[in-house]
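With numbering that gives the first Met the number 0, the residue at position 645 of the sequence shown is 644, and numbering never jumps.
Check the hints yourself; a few may be wrong.
Per label pair, the in silico range of CB-to-CB distance [claimed, not checked]:
#1 510 - 319: 42 to 52 Å
#2 384 - 172: 19 to 29 Å
#3 319 - 391: 24 to 34 Å
#4 302 - 222: 46 to 56 Å
#5 81 - 226: 57 to 67 Å
#6 281 - 619: 36 to 46 Å
#7 485 - 282: 29 to 39 Å
#8 485 - 354: 48 to 58 Å
#9 229 - 292: 40 to 50 Å
#10 510 - 659: 18 to 28 Å
#11 616 - 229: 31 to 41 Å
Result set (DSS-like, lysine-lysine): computed pairs, CA atoms no more than 25 Å apart in a straight line [as the list claims (entries may be wrong)]:
#12 139 - 309
#13 46 - 509
#14 244 - 232
#15 330 - 244
#16 46 - 352
#17 570 - 509
#18 575 - 620
#19 309 - 299
#20 570 - 330
#21 363 - 352
#22 139 - 46
#23 139 - 330
#24 330 - 309
#25 363 - 46
#26 398 - 232
#27 330 - 512
#28 398 - 139
#29 225 - 330
#30 576 - 509
#31 299 - 225
#32 21 - 46
#33 330 - 88
#34 363 - 575
#35 352 - 570
#36 232 - 352
#37 232 - 330
#38 363 - 299
#39 139 - 21
#40 453 - 398
Honestly, the hints are just simulated from the structure, not real lab data.
Remember, it's a predicted structure, so these values are computed and weren't measured experimentally.
We put the CB at the ideal spot given by N, CA and C, even for glycine.
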Amino acid sequence: MSNNRRHLANAVRVLSMDAVQKANSCHPGAPMGMADIAEVLWNDYLKHNPTNTDWADRDRFVLSNGHGSMLIYSLLHLSGYDLPMDEIKQFRQLHSRTPGHPEYGYAPGVETTTGPLGQGITNAVGMAIAERMLAGQFNKPGHDIVDHYTYVFHGDGCLMEGISHEACSLAGTLGLGKLIMFWDDNGISIDGEVEGWFTDDTPGRFESYGWQVIRNVDGHDADEIKAAIETAKANSDQPTLICCKTIIGYGSPNKAGSHDCHGAALGEEECQLVREELGWEYEPFVIPEDVYAGWDAREKGAAAEAEWNKRFEAYRAEYPELAAEFERRIKGELPEGFDAAAEAWIHQLREEKPGWATRVASGKTIGAFAAALPELVGGSADLAPSNNTKWPEAVAFSKDTPAGNYLHYGVREFGMSHIMNGMALHGGVIPFGGTFLMFSEYARNAIRMSALMKVGTIFVYTHDSIGLGEDGPTHQPVEQIATLRMIPRMNTWRPCDAVEAAVAWKVAVKRRKLPTTLVFTRQGLPCNEYTDDQVANIERGGYILSDCEGTPDVIIIATGSEVQLALAAQKELSDKKVRVVSMPCTEAFDAQDEAYRESVLPSSVTARVAVEAGVTGFWGKYVGLNGKVIGIDTFGESAPAAELFKLFGITTEAVVEAVNEIA
């Protein structure tokens, strides 16, 4: 490796080491070990423009082993992004743009939040799918306007996590040739040498997935790294894993190659020894001008973007409609006709009043919306016929059909969910994917990450309660809806009929900067009568579905299939003034102003009953200490749905009895 290249890489090592030392916490080992790989990739191959982090055709770089966050912060700072040295000095401090793990939306150039191991890899698979899909839909002969790579750094920990198996298996099947991953094969994790707990044949594993594998690359030799990248880029039919042998903490005389440098600052004395070992003559946080000049990517990046802009204008001249559509989708703007199409569909449902299961209503709504929303990309974890996520005109995305708009994820709930997050982060598509509500448990961390990153992924969950019946307690969700509602920034909808389902879908599609979960029934449900005001108020998350004259004696709150129980109870309680409130989305209702919330749930009415086929504790904040909640605080049983609702006391009679007890 040339002295100049090593000098540039050493800047990353020392800057990372010094920031960790100042914070007195974090992981210096990975940045020091991967600095040479990063130097080659970022200076010779990565297509990016530090002055425009939104350039559509930039390469994506993902640091999946996000605990080594100072690596990406050093790279961003040195190459000219708006991340000044003062932010590097504030690493891991309150309100800095350099938090302990890379967080999407904090530092420019961070493409995704990483830290939960394996999930960065999975985001990257989603980004590579989005690139391939958009290329299939927009590129024309002589006009490759979508043509970029997704590069990933990761370590042993990412490969041990099960989600990496889910995502990488699918990536191989799909032939994502523009996905290139660098495995930091240093043999060390927090607990020590990994040979005691990680002896997989990793190259063989990836070859079995259908990847191109480049073995035994010296991660400290620029020529070997370059040769590996060239080989990777020459193969457009397979994703590539580059196996890089590295020394964790490279440059540290006493701690390199051991877990002592994995997750703790090196110490002042060792930092000085590193300087001597590397021949680095500068004080902490001092970078010489020749190093800045060697790293600065602004001029090269601006030129690359200008060249792409020129090519895009040529594309626009020949394909003006496609060019306008591409720009709209990359900006994240919805088509002008979407609102009208959505309203027309909702109006049709109000007229026809179909008694569909809400999963069926969801499927029909997807088909109606997809015609006006070409960026909609569906999928399911091997449950498309049950989730109703595949509409008749959908085309399965594959190696041979890259223009497709539907993904068969296989039984990979966690992988599916974070692949969708990666697609949403890439831009140009609106991803949704389905499974049974019970199996949101497998996907939980990806769901949380969508909310943390503020991306508009849509999670579709069907078979929402004991109402799925004979499959029994393993498949009957009880606590899942309540726990989904507890995730900050997440909106969880549980519609009561076809109209509410369509409105929920409309709101989810328009909520581009935050995620949504849509929860649907297996069993059929009658469709209610609605006024225009009621339909408008569905979007508020809670509204008066059926009212009484004057101030109510009691209010019954319900969601999903249990709304019908509330309406039936209201009819039986003819001697009382009863209001029925449908609350398909508690988070949306809570976000309304006080006046609206008071109009629906007046504080003067303390007699309240909530009914939902799930755990009861969640509803306390709506019914108060004197209210009643009808639900299920145990696990289900295997039996027909009607028998189960009767067994667990989720019935009209139970609602009537509860009302009579308190009002």
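Hints, one by one, checked against the model:
{"no.": "1", "hint": "510 - 319: 42 to 52 Å", "verdict": "30 Å, violated"}
{"no.": "2", "hint": "384 - 172: 19 to 29 Å", "verdict": "21 Å, holds"}
{"no.": "3", "hint": "319 - 391: 24 to 34 Å", "verdict": "30 Å, holds"}
{"no.": "4", "hint": "302 - 222: 46 to 56 Å", "verdict": "26 Å, violated"}
{"no.": "5", "hint": "81 - 226: 57 to 67 Å", "verdict": "34 Å, violated"}
{"no.": "6", "hint": "281 - 619: 36 to 46 Å", "verdict": "60 Å, violated"}
{"no.": "7", "hint": "485 - 282: 29 to 39 Å", "verdict": "48 Å, violated"}
{"no.": "8", "hint": "485 - 354: 48 to 58 Å", "verdict": "32 Å, violated"}
{"no.": "9", "hint": "229 - 292: 40 to 50 Å", "verdict": "26 Å, violated"}
{"no.": "10", "hint": "510 - 659: 18 to 28 Å", "verdict": "40 Å, violated"}
{"no.": "11", "hint": "616 - 229: 31 to 41 Å", "verdict": "59 Å, violated"}
{"no.": "12", "hint": "139 - 309", "verdict": "16 Å, holds"}
{"no.": "13", "hint": "46 - 509", "verdict": "31 Å, violated"}
{"no.": "14", "hint": "244 - 232", "verdict": "20 Å, holds"}
{"no.": "15", "hint": "330 - 244", "verdict": "40 Å, violated"}
{"no.": "16", "hint": "46 - 352", "verdict": "53 Å, violated"}
{"no.": "17", "hint": "570 - 509", "verdict": "36 Å, violated"}
{"no.": "18", "hint": "575 - 620", "verdict": "24 Å, holds"}
{"no.": "19", "hint": "309 - 299", "verdict": "15 Å, holds"}
{"no.": "20", "hint": "570 - 330", "verdict": "50 Å, violated"}
{"no.": "21", "hint": "363 - 352", "verdict": "13 Å, holds"}
{"no.": "22", "hint": "139 - 46", "verdict": "21 Å, holds"}
{"no.": "23", "hint": "139 - 330", "verdict": "21 Å, holds"}
{"no.": "24", "hint": "330 - 309", "verdict": "19 Å, holds"}
{"no.": "25", "hint": "363 - 46", "verdict": "41 Å, violated"}
{"no.": "26", "hint": "398 - 232", "verdict": "17 Å, holds"}
{"no.": "27", "hint": "330 - 512", "verdict": "12 Å, holds"}
{"no.": "28", "hint": "398 - 139", "verdict": "18 Å, holds"}
{"no.": "29", "hint": "225 - 330", "verdict": "34 Å, violated"}
{"no.": "30", "hint": "576 - 509", "verdict": "37 Å, violated"}
{"no.": "31", "hint": "299 - 225", "verdict": "19 Å, holds"}
{"no.": "32", "hint": "21 - 46", "verdict": "32 Å, violated"}
{"no.": "33", "hint": "330 - 88", "verdict": "34 Å, violated"}
{"no.": "34", "hint": "363 - 575", "verdict": "39 Å, violated"}
{"no.": "35", "hint": "352 - 570", "verdict": "21 Å, holds"}
{"no.": "36", "hint": "232 - 352", "verdict": "55 Å, violated"}
{"no.": "37", "hint": "232 - 330", "verdict": "28 Å, violated"}
{"no.": "38", "hint": "363 - 299", "verdict": "49 Å, violated"}
{"no.": "39", "hint": "139 - 21", "verdict": "52 Å, violated"}
{"no.": "40", "hint": "453 - 398", "verdict": "30 Å, violated"}
In the structure shown, a violation is registered for the earlier hints numbered 1, 4, 5, 6, 7, 8, 9, 10, 11, 13, 15, 16, 17, 20, 25, 29, 30, 32, 33, 34, 36, 37, 38, 39, 40, in ascending order.
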